[in-house]
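Visitor: Mind docking chain B on chain A? Use the hints.
Residues per chain, in single letters:
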Amino acid sequence: MALSVGCTARPGKSRANRTGAWRVFKPVFRHNKCTKCGICSLVCPEGCIIEQEDEFMIPDYDYCKGCGLCAEECPAEDIEMVKEEK
Amino acid sequence: MMHFVEGSIAVAQAVRMCRPDVVSAYPITPQTHIVEALAEMVAECKLDAEYITVESEFSALSACLGAVAAGSRAYSATTSQGLFLMFEVCFNLAGMRLPMVMTVANRAVSAPISIWNDQQDSISLRDSGWLQFYAEDNQEAADLHYIAYKVAEDHKVLLPAMVCFDGFILTHTYEPVDMPTQEEVDAYLPRFVPLAKLDANDPISFGMLATPDYYMEFRYANDQAMHQSKEKIREAGKEFGAKFGRDYSAFVEGYRLEDAETALVALGSLCGTAKEAIDEMRAAGKKVGLLKIRVYRPFPVEELAAALKGAKRVAVLDKNISLGSKGAVALEVKDALYGSGIPVHDYIVGLGGRDIRKRDIARIVELAEKGEGDLFYGLRQEVM
Chain A
1 MALSVGCTAR
11 PGKSRANRTG
21 AWRVFKPVFR
31 HNKCTKCGIC
41 SLVCPEGCII
51 EQEDEFMIPD
61 YDYCKGCGLC
71 AEECPAEDIE
81 MVKEEK
Chain B
1 MMHFVEGSIA
11 VAQAVRMCRP
21 DVVSAYPITP
31 QTHIVEALAE
41 MVAECKLDAE
51 YITVESEFSA
61 LSACLGAVAA
71 GSRAYSATTS
81 QGLFLMFEVC
91 FNLAGMRLPM
101 VMTVANRAVS
111 APISIWNDQQ
121 DSISLRDSGW
131 LQFYAEDNQE
141 AADLHYIAYK
151 VAEDHKVLLP
161 AMVCFDGFIL
171 THTYEPVDMP
181 TQEEVDAYLP
191 RFVPLAKLDA
201 NDPISFGMLA
211 TPDYYMEFRY
221 ANDQAMHQSK
231 EKIREAGKEF
241 GAKFGRDYSA
251 FVEGYRLEDA
261 ETALVALGSL
271 CGTAKEAIDE
281 MRAAGKKVGL
291 LKIRVYRPFP
301 VEELAAALKG
311 AKRVAVLDKN
321 ISLGSKGAVA
331 LEVKDALYGS
341 GIPVHDYIVG
351 LGGRDIRKRD
361 IARIVELAEK
371 GEGDLFYGLR
381 QEVM
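Top line first, the protein sequences correspond to chains A and B.
Going by this note's numbering, the residue at position 77 of the first sequence is 77; the numbering climbs one at a time, nothing skipped.
Going by this note's numbering, the residue at position 198 of the second sequence is 198; the numbering climbs one at a time, nothing skipped.
Bound-form chain B, shown alone:
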């Protein structure tokens, strides 16, 4: 049924229908509305879960880690500094192969302090062993939670998953969102069956010591699980499409890309703006298209290379910067296109909530056509 809701509420409702046993989170802007809504649902007995209040994000994710190890379905949500406080626990969940889902309401990181949107926070966790999904709109943000649990908990995967959606731009925006019924979600997402779990009568420890003779093999197994998740994402996305009419089996999605000379690449809500800009440029006779990356981890190297193979040039819009290097997405797009001869230009955009308007996208396409790239787009020279 179609609801007109705020993005955070759409996500909270989706999480409720995923039936988590344990929710533990610490409120932080712009994630707050999600966890406020979940706390209210628990208080009003609309969600049968333990809501564990904690003093920090480190504890929030640690509580979730323990909950998953005990065989529960766990959920958390955070952003920016909160995610960074979880850094160590993130790697532990992945290494212990404990699946859970966490929403990241993407926000810039300190210092300087900023509550506004970019994607530096979750991109910085790209090496942590979590699956990462990026949503373009609130429908996608809500839907990806069902898929994320289904994939994460598969015994061939057993990895935690982040569903990332842009802070304020999506979290605080009202959009129509089609919500399934609880029965439909139950039919799609079965209960979590742990491979191993904490049990006082049958003790087990997670994440034990691995000597140099074993450590590399564990890391390899972790990486293999990440690669194996691709098949499961495809399956879960397709099944979701068959049941709910929105197919998420593709890792990347092209928009007017078929004969595009300039292909833009982006993650998240920026894709919506880019599509509008592309329609205007197409109307003016310019052959421009977009490749949206929905699944960033595992990184869809083959899918991306296949989708971009006809482009004359690629312009990557990075809402992050690996300081001293380039935008993280551009680096991986370059890797995927290595040897193709297609030039990849990187544009650092929208950091700390700087608006990216349709005319900015058009200007970036012009820069790419001239071969000018690998730059921070739209710097205000007058303040520098």
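Chain A with its partners taken away, still in its complex shape:
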């Protein structure tokens, strides 16, 4: 995103901005032991874990803040938090 003079913003910027830049750890969905229960999607505070056509869940890294709730709550322990270097 290019800088705006005076850091101005039009409405709807929270959708346009890729706020996932805050993240330190990123959840990696292994999809090995996943039972497609959807708990990860329910507990995600950002609502950015989305069910795919094959019913597997994947996070939208543009908005994921790396809070780790999905990994903590996953009954199958199939989500790993990995340190992200920028």
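Rather than coming from a laboratory, the hints here were simulated on the basis of the structure.
One or more hints might be untrue.
Using C-beta positions, here's what the derived DEER-type ranges look like [to be verified]:
| # | chain 1 | residue 1 | chain 2 | residue 2 | range |
| --- | --- | --- | --- | --- | --- |
| 1 | A | Arg23 | B | Tyr220 | 19 to 25 Å |
| 2 | A | Gly38 | B | Asp127 | 48 to 54 Å |
| 3 | A | Ser41 | B | Asp213 | 22 to 28 Å |
| 4 | B | Leu331 | A | Leu3 | 28 to 34 Å |
| 5 | A | Val82 | B | Tyr220 | 30 to 36 Å |
| 6 | A | Leu3 | B | Ala43 | 42 to 48 Å |
| 7 | A | Glu80 | B | Gln224 | 40 to 46 Å |
| 8 | A | Glu55 | B | Gln224 | 47 to 53 Å |
| 9 | A | Val28 | B | Ala200 | 42 to 48 Å |
| 10 | B | Gln224 | A | Glu73 | 42 to 48 Å |
| 11 | B | Leu331 | A | Arg23 | 37 to 43 Å |
| 12 | A | Thr35 | B | Asp213 | 33 to 39 Å |
| 13 | A | Leu3 | B | Asp259 | 46 to 52 Å |
In this text the structure is predicted, and so the values were computed from the model without any measurement.
For every residue, glycine included, the Cβ atom is placed at its ideal position computed from N, Cα and C.
Guide: Okay, now just chain B, sitting in the frame of chain A:
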């Protein structure tokens, strides 16, 4: 046309001719006469502006911030404690890239309380992202307002500007001031065209959150704007010279500096006294000159270094003190002359209204010749 007026009135008249849409200020000595005069002009329909009365300087500058964001030309004036109450808003105006002009009637800061002049107040705002101009006399103080608006509102700049002139020494002093006509000012200073503005039908927010991924780039852009303003100051100062006969394109101005062995450096009304003292010293065969800094932000590093390159020594007269360090101006003069081998001596003078007389300037030159500097000049040992 030449008018014999008080400095504050000269400034108020200049501001009137800049046609601000919004004036918001809180009265504080020695700025009071400026805002009293503007309030009267609005009441008498001589100035078509909203005069917003407020309960503090924080609100005064906040009202101006909102006004500029809405696309208006705004003006305020303050000093000392009032300026410090505006501290947060000052940084916000600069960061939101909202141009306005504010007069600072330079005054010492509390505690102890003092209503008299030094430059600690505006110098303390040097890092706020405002352009800073310092006037030597009331003609310059009035003229700098037209230039300040023109530069600040340029889309390559978009930064607020302070015009600083010494409290009482200039604000309350009557001098002849050449005032242009409204038509002449209109031809020089066009209406403000905002780059972005608040509009209920097309909403926008200013100064939004910047995460660590973006914040540094915004600060860099702010700094770049400050550097880019140099070209605009030169242009606006030159155009002013062509139209009104007083050229303000230079950031620093030398006085009998060509063959000077000791070069004094000063800001504001002190320069007038220094020039008189220099004439006397020159008559006695001493090679002394002055470099007056008119534009302190952006700091004219190259211009200053070029102007002082022939000096054997430099004596900076600082009407401020960065406690625990040195005078703020001296630190930057040292930076500009780094590597030149020219010694820079710092003299803290005139704090809280202490007079600086011609003989004080002569004494400081003697101290500089002996290599004695980095001191508070003229302390009264008997009370310490």
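Visitor: Each hint needs a verdict: does it hold in this structure or not?
Guide: Right, here's what the structure says about each hint:
A hinted range of 19 to 25 Å for the beta carbons of arginine 23 of chain A and tyrosine 220 of chain B is consistent with their spacing of about 24 Å. At about 52 Å, the CB distance of glycine 38 of chain A to aspartate 127 of chain B agrees with the hint of 48 to 54 Å. Checked against the given bound of 22 to 28 Å, the beta carbons of serine 41 of chain A and aspartate 213 of chain B, roughly 27 Å apart, stay inside it. Checking the proposed 28 to 34 Å range against leucine 331 of chain B and leucine 3 of chain A shows it holds: the Cβ atoms sit about 31 Å from each other.
Against the hinted window of 30 to 36 Å, the Cβ-Cβ separation of valine 82 of chain A and tyrosine 220 of chain B comes to about 31 Å, which satisfies the hint. About 43 Å separates the C-beta atoms of leucine 3 of chain A and alanine 43 of chain B, a value consistent with the hinted range of 42 to 48 Å. Separation of glutamate 80 of chain A from glutamine 224 of chain B is about 42 Å and conforms to the stated range, judged on CB atoms against 40 to 46 Å. Between glutamate 55 of chain A and glutamine 224 of chain B the CB atoms are about 51 Å apart, so this pair conforms to the stated range of 47 to 53 Å.
Checked against the hint of 42 to 48 Å, the pair valine 28 of chain A and alanine 200 of chain B passes, with Cβ atoms roughly 45 Å apart. With their beta carbons about 46 Å apart, glutamine 224 of chain B and glutamate 73 of chain A fall inside the hinted range of 42 to 48 Å. A C-beta distance of roughly 41 Å is found between leucine 331 of chain B and arginine 23 of chain A, which places it inside the suggested range of 37 to 43 Å. The beta-carbon spacing between threonine 35 of chain A and aspartate 213 of chain B, approximately 36 Å, falls within the hinted interval of 33 to 39 Å.
Roughly 49 Å separates the CB atoms of leucine 3 of chain A and aspartate 259 of chain B, a value that falls within the hinted 46 to 52 Å.
When the structure is compared with the earlier hints, no violation turns up for any of them.
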